[in-house]
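Here is what each chain is made of, one letter per residue.
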Amino acid sequence: DAKTTQPNSMESNEEEPVHLPCNHSTISGTDYIHWYRQLPSQGPEYVIHGLTSNVNNRMASLAIAEDRKSSTLILHRATLRDAAVYYCILRDGGSSNTGKLIFGQGTTLQVKP
Amino acid sequence: NAGVTQTPKFRVLKTGQSMTLLCAQDMNHEYMYWYRQDPGMGLRLIHYSVGEGTTAKGEVPDGYNVSRLKKQNFLLGLESAAPSQTSVYFCASSQGLYQETQYFGPGTRLLVL
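Residue numbers (the working numbering), protein chains in the order written: chain A, 1 to 113; chain B, 1 to 113.
Below, in silico cross-link-like pairs of lysine to any residue (SDA-like), each with a Cα-Cα straight-line distance of 20 Å or less:
1. B:Lys-9 / A:Ser-41
2. B:Lys-57 / A:Ile-102
3. A:Lys-3 / B:Gly-42
4. A:Lys-3 / B:Met-41
Covered stretches of chain A, going by a simulated chain B footprint (3 or more residues, C-beta under 8 Å):
5. 44-58
6. 100-113
These are computed hints drawn from the structure, not numbers from a lab. A virtual CB, placed ideally from N, CA and C, is assigned to each residue, including glycine.
Use the sequences and the hints to build the structure in full.
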């Protein structure tokens, strides 16, 4: 399974944009890039995913490098509620065909008022 | 829709005792997963199921057994609990593979003394 590398922690001010980076240099052509976040004492929740093109939804935007070896999750205006651990995950696109998620340690985002 | 529910929310066991964690989903999803999360760590896959009547091992299956007798339920069993199994257990489900969102339950906190 391809691995991802994320910074351990980041800080942001409320109402400002946040760019959370992720490196995945060994990504394969069929791997989707998924982002999940985990609020304190809760289960993870889906944020966004993409394959090659940039993606937008109501929660965030995902910018994918042209060579797909890195991506950035963008929160356009951070709120206190966005303080969480953010996981960048490559969805199992290999022959094992399980769809399982491989979680790393993620990035802990702190949002300051 | 209740989504993914887990029973119980919290449990204390003594070493050697057995217990079963129940996961239920009302979204008619084919795929179900059991993860564990130790303090400060990402989630690790214990077992998963790609359909009713099927189960398979994940990253850390030792000491656990699972069953998927009904499509909506996925049971995780500990036959003889050990302190190393103290963790938070999360269940998840999804309809498909690479692109499909995984929906997580709220977790079960297990303490083994």
